[in-house]
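Let's have the full structure, built from the sequences with the hints guiding it.
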Amino acid sequence: MSTARHRDPQASDASDDAWRLPAPGQPIIQVRDLWSAFPVPGGGQVVVHKDLNLTVVRGEVITLVGGSGTGKTVLLRQMLGLNRPYKGSVQVLGRPVGELSGRGAGARVGMLFQQGALFSAFSVLDNIAFPLRETRVVPDPLVREAALLKLQMVGLKTSDAHKMPAELSGGMIKRVALARALIMDPPLLMLDEPTAGLDPDSSDTFVALLRSLHEELGLTVVMVTHDLDTLFELSNRVAVLAEQRIIIADTVEKVIAYPHPFIHDFFLGERGQRAMELLRERRRETPAPVNEG
Amino acid sequence: MQDAKPGIDIQHGTDGVRVVLRGAWTAASMTSWRGSREVLRLLAGAPADARWDLLSLHDFDHLGALVLWEHWRREWPPTVEADEDQRTLLDRVAAHSLNLPPVVHRTWRQRVDSFGLQVIAATHQVRDFVTLVGQLLLDVLRLIGSPRWGPWRDFTGHLYSIGAQALPITALVGFLIGVVLAYLMSQVLRQFGAETYVVNILGLALIRELGPLLAAVLVAGRSGSAITAQIGVMRVTEELDAMRVLGVPAGFRLVLPRAMALAICMPLIAVWTTLAALLGGMMAADLTLGISPAYFYEAMPRVVRVANLWLALAKSVVFGVSIALIGCHFGLRVKPNTVSLGQGTTASVVAAITSVILIDALFAVVFKRVGLI
Numbered sequence: 000m001s002t003a004r005h006r007d008p009q010a011s012d013a014s015d016d017a018w019r020l021p022a023p024g025q026p027i028i029q030v031r032d033l034w035s036a037f038p039v040p041g042g043g044q045v046v047v048h049k050d051l052n053l054t055v056v057r058g059e060v061i062t063l064v065g066g067s068g069t070g071k072t073v074l075l076r077q078m079l080g081l082n083r084p085y086k087g088s089v090q091v092l093g094r095p096v097g098e099l100s101g102r103g104a105g106a107r108v109g110m111l112f113q114q115g116a117l118f119s120a121f122s123v124l125d126n127i128a129f130p131l132r133e134t135r136v137v138p139d140p141l142v143r144e145a146a147l148l149k150l151q152m153v154g155l156k157t158s159d160a161h162k163m164p165a166e167l168s169g170g171m172i173k174r175v176a177l178a179r180a181l182i183m184d185p186p187l188l189m190l191d192e193p194t195a196g197l198d199p200d201s202s203d204t205f206v207a208l209l210r211s212l213h214e215e216l217g218l219t220v221v222m223v224t225h226d227l228d229t230l231f232e233l234s235n236r237v238a239v240l241a242e243q244r245i246i247i248a249d250t251v252e253k254v255i256a257y258p259h260p261f262i263h264d265f266f267l268g269e270r271g272q273r274a275m276e277l278l279r280e281r282r283r284e285t286p287a288p289v290n291e292g
Numbered sequence: 000m001q002d003a004k005p006g007i008d009i010q011h012g013t014d015g016v017r018v019v020l021r022g023a024w025t026a027a028s029m030t031s032w033r034g035s036r037e038v039l040r041l042l043a044g045a046p047a048d049a050r051w052d053l054l055s056l057h058d059f060d061h062l063g064a065l066v067l068w069e070h071w072r073r074e075w076p077p078t079v080e081a082d083e084d085q086r087t088l089l090d091r092v093a094a095h096s097l098n099l100p101p102v103v104h105r106t107w108r109q110r111v112d113s114f115g116l117q118v119i120a121a122t123h124q125v126r127d128f129v130t131l132v133g134q135l136l137l138d139v140l141r142l143i144g145s146p147r148w149g150p151w152r153d154f155t156g157h158l159y160s161i162g163a164q165a166l167p168i169t170a171l172v173g174f175l176i177g178v179v180l181a182y183l184m185s186q187v188l189r190q191f192g193a194e195t196y197v198v199n200i201l202g203l204a205l206i207r208e209l210g211p212l213l214a215a216v217l218v219a220g221r222s223g224s225a226i227t228a229q230i231g232v233m234r235v236t237e238e239l240d241a242m243r244v245l246g247v248p249a250g251f252r253l254v255l256p257r258a259m260a261l262a263i264c265m266p267l268i269a270v271w272t273t274l275a276a277l278l279g280g281m282m283a284a285d286l287t288l289g290i291s292p293a294y295f296y297e298a299m300p301r302v303v304r305v306a307n308l309w310l311a312l313a314k315s316v317v318f319g320v321s322i323a324l325i326g327c328h329f330g331l332r333v334k335p336n337t338v339s340l341g342q343g344t345t346a347s348v349v350a351a352i353t354s355v356i357l358i359d360a361l362f363a364v365v366f367k368r369v370g371l372i
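Here the protein sequences line up with chains A and B, keeping their order. The first sequence runs contiguously to residue 292 in numbering that gives the first Met the number 0. The second sequence runs contiguously to residue 372 in numbering that gives the first Met the number 0.
Hints may contain errors.
[What the hints assert, rightly or not] Per the computed footprint, the stretches of chain B lying under chain A, defined by three or more beta-carbons under 8 Å from a beta-carbon of chain A, are: (1) 54-66; (2) 92-102; (3) 331-339.
Honestly, the hints are just simulated from the structure, not real lab data. Heads up, the beta-carbon is just placed ideally off N, CA and C, and yes, glycines get one too.
Below you can see the structure in the form of C-alpha cells.
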C-alpha cells in the first residue's frame, strides 16, 4: 500500500496539543471501554454499547458489521465526535474525539454520509469547495482548482461542476460527497453504507473508486456496510458488533470461522455463500492483500 | 499534522537560483496557519525555471501540489528534485483539467421564454389553489356523508396545536395592544373632555377589527408556516407520494383536518384575543382616566351592538380557512429540496397575512352598514 502523503510525521516538532498522525500500522483510532446510551421516551435509557473496545490502525480498511440496532452507525458517530460517550473514551489521532470537530476538522477526517448530506443550496463545485473555502485562508481561484481536481479524482466530469444536488443521480451524489470529504486530504475516511441505494453497476464502480483512492492516497477507512460484495472487496479487517460490544475484529477468513449465530447467518447464508464464491475466485486470480492489522 | 508550517528558502548560488521547500505543504498546514498567504507571496518571488528541491518537505498533499503546479504555470520546470510520491501527486494534478467550464449565460430568447414560463407557472398556481378549494368542498361533503370515517384524530391534534397552544401568545399580544391603545386614546380624549368615549372606541375597534385581525395575523405566522413546513417535509421525504400510492387522498387526510381545525379555532382565538385586549384597555383606562372597570362593564353592551361580535366571528372563520388553505397550497407545491422548503414557508406566511388583511378589507366594505350606529 503506497502512502503518497504524510511521509514522515515523527519529524514534525509536535507539541502536546497537536494532532499526531501515527506511522502506518500504528493505532489511529482507539475506542476504550465505550458505553453509548440513549434516553428512551418515558424514562430510562437503552444501552447500545457496553465496554466496547476497538483499535483502528493506520492504512487499513476496517468494516463494522452487525445486526440491525447493534449501533454500527452510532459507533461511527462516536468516532466522529457527533455522539458523546456515556462512559469510556474515544481517541482519534492521539486526541480525545470531542476536539475533532474544531477548526480544520476537514484535514483530519472525512465522512461520507449515507444520503450524501450535500448542501442542496450549493452547486456541485461549491459543495466540494465548501470546507476549504470556509477556512478563509486559501485564495479563491486555488480553492476552485482544488475542488475541480477532487471532482475529477472521484470520476466526475468538469461539466458536472455547475449542477445542483437535486439534478444528480444517487451514484453521483455519493461521488460528490466523497470529493467533499477528501477536499482537505484527511488521512482518515469514514463511510456509512457507501453503496446503499446504488444499483449493482454503480455500486461496483463506486467500490472500485474507493479501492483505488485508498491505495493512491494511503487512507485509513472505517466503513459500515451491509453489502457483502463491498465488504469482501475492500476490507482488510472486519469488526463484528453483537451483544453490545465488538465480539471479534480480524480478517474476513478468521471472522467467518468464529462461532456466533450472527456471523453464521450473515456470512454463511445464501447471499454470503455467493459473495464468498466470488471472493475465492478473485483470490485465486490475485494474491491475497497483506493485512496490516 | 498541522504544526509544521509551510516554508520556503530561495538560495542564489553560482549555478543559478535554487528553491528549497520546507515543512508541510498540506491542506492542514496551509489552512491552519495565517502565514500561508505569506508563503504564497514568497513563492511568487521564486522563478519558475529555478532548481526546485522538494526533498526537504516532510509532508505534501494535493493542495500543496496544486499551489506549486499553478506557480510553475502548469508545466514541469527543468530541474525538480522530488521523490516518487511527490511526483505521483504532481502528475495527478497535471493530469486533470483545472479550467472550470464557464457558466452558460442565458440568451435574450431564453429570458423571454423564462418570463413566459413564469406567467404560465402563475396561472398554474391559481388553478391549483382553485382545485384545492374545490377538493376541500368535496371532502366536506364526503365527511357529511360518512362522518364516522373522518380524520378525527388528526383534527383534534391540530385543534390542540393550532388552538390551545396559541392561547398564551395571543393573550399577551392582545393585552399589550389593549393597554397601548387605551393609553394613547386617553391622551387625546382628555383634551376634549370626552373621556368616557374610550369605551365606545375601544369596544368597537377591538371587537370588530383589531381582535380578529391580530389573532389571525399571529395564527398565520404561527400555524400557516407550521402547516407548510409539515406538508413540505412530507414532500421532501416522499411521504406524500407514499400516501398517493397507498390510495389515501392527501386532501382528505391533510387539508381537511387542518382547515376544519382552523375554522373552529380561529373564532375562538379571536374572542380570546379580544377579551385580553379589552382587559388591557380597561386597566389602562382605569389608571390614566379613572374610568372604573364597573363602568366599562356596564357601558360596553350599550355602545357596541352585538352584530359586531357576529361579524368578527364570521370573519374569523374565513380567516382560518384561508390560512389553512394557503398553508396547504404552498406545502403541496414544495419541491424535494431544502431551499424550496424555505421559500415555500416564507411565501406561505406572507400570502396568508396578506390574504387576512385583504379579506378584512373586503368584510369592512361589504358590511359597512352592519353594527355601526
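Tested hints:
Under a criterion of three residues with beta carbons nearer than 8 Å to beta carbons of chain A, the stated coverage of the segment 54-66 of chain B is upheld, 8 such residues being counted. With a cut-off of 8 Å between beta carbons, the segment 92-102 of chain B has 8 residues touching chain A; three or more are needed, and the interface restraint holds. Counting residues of the segment 331-339 of chain B whose beta-carbon sits less than 8 Å from any beta-carbon of chain A gives 5, enough to reach three: the coverage restraint holds.
Every hint, counting from the list given before, is met by this structure.
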